[in-house]
Amino acid sequence: MKSTLLTLLLAFSLIVCKAQDSRPGPQLPPETGETFKVGIAGYTFVKFDLDKTLETLKALDVHYLCIKDFHLPMTSTDDEIAAFHEKLKANDITGYAVGPIYMKSEAEIDKAFDYAKRVGVKLIVGVPNVELLPYVDKKVKEYDFKFAIHLHGPDIKIYQDADDVWNHTKDLDPRIGMCLDIGHDTRNGKDPVADMEKYHTRVFDMHIKDVTAPTKDGYSLEVGRGVIDFPAMVRMIRKVGYTGVCSLEHERNQNNPFMGIAESIGYFRGVIETTKE
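Okay, so the sequence shown: first residue is 1 according to the numbering used here, each after it adds one.
Hint data in this document are derived by calculation from the structure and do not stem from the laboratory. Quick caveat, the model's predicted, so the values are computed rather than measured. Hints may contain errors.
[To be verified] Simulated pairs of lysine-lysine, BS3-like, Cα-Cα distance not exceeding 27 Å:
(1) 239 with 276
(2) 117 with 37
(3) 104 with 157
(4) 37 with 198
(5) 198 with 239
(6) 87 with 47
(7) 190 with 157
(8) 122 with 170
(9) 138 with 117
(10) 138 with 157
(11) 141 with 47
(12) 138 with 111
(13) 89 with 111
(14) 87 with 104
(15) 58 with 111
(16) 239 with 37
(17) 87 with 58
(18) 276 with 190
(19) 37 with 89
(20) 198 with 141
[Claimed, not checked] Using C-beta positions, here's what the derived DEER-type ranges look like:
(21) 276 with 80: 38 to 46 Å
(22) 156 with 23: 47 to 55 Å
(23) 142 with 276: 17 to 25 Å
All C-beta atoms in this analysis are idealised placements derived from N, C-alpha and C, irrespective of residue type, glycine included.
Working from the sequences, and respecting the hints, build out all of it.
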């Protein structure tokens, strides 16, 4: 009697397992097939080590990371850089750029370009002093890198919005452009959707976030909870044929940002899906 019961239970378990195995799997991420990619800016994980960062990206099915120097110091040896990339590869993640890096001297610019070369990327997100832009122009020509100036809204005196970056770079090498931080652009009273259309040829990276108001008092929060029109933003990204990464830079609750990161990535991907034509 016991053996019969055990046989029946085993048979039932096999049927359940087979049914579960035959269930359809999840769809590919909504950005699949788009010209742009979805990623995360390393600064999002300023309070966490690389292992926790990669664990989070993997759980979110996000495969692109902008590398910050607290995860890969600029003094890293070639062996340390190789080990870093092996760790990313094991999690199916690509480090596509370095930065933001602040540069207040020619020596710091030299160091940043050398670092990017050794890391193996061809995009630097940087914040050089304005008087150093001619030297950045020289280094871009020398290295054949793209250089995206990160705009910071009303919090600092330089590069406050897309207009500001454009006015400083329009006569420089076309490989010098901007990281369009749509939150900071909004906080400086600008329309990031219009700025994407106007300056798309010089937008080499994007920081995706939402803010509570189009003023200096506005602050960062989960994507979809603020004032930015994300359906319009995604449609414009498609319209101009942006081919870079839309990297979430989540700055709220930095001691425990994980629910906010997941909510923001989920909302942004939902907008990508629901705006497909």
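Each hint tested on the structure:
no.	hint	result
1	239 with 276	holds, 12 Å
2	117 with 37	holds, 22 Å
3	104 with 157	holds, 14 Å
4	37 with 198	holds, 21 Å
5	198 with 239	holds, 12 Å
6	87 with 47	holds, 19 Å
7	190 with 157	holds, 16 Å
8	122 with 170	holds, 20 Å
9	138 with 117	holds, 16 Å
10	138 with 157	holds, 24 Å
11	141 with 47	violated, 35 Å
12	138 with 111	holds, 14 Å
13	89 with 111	holds, 25 Å
14	87 with 104	violated, 32 Å
15	58 with 111	violated, 31 Å
16	239 with 37	holds, 15 Å
17	87 with 58	holds, 12 Å
18	276 with 190	holds, 26 Å
19	37 with 89	holds, 17 Å
20	198 with 141	holds, 25 Å
21	276 with 80: 38 to 46 Å	holds, 42 Å
22	156 with 23: 47 to 55 Å	holds, 51 Å
23	142 with 276: 17 to 25 Å	violated, 41 Å
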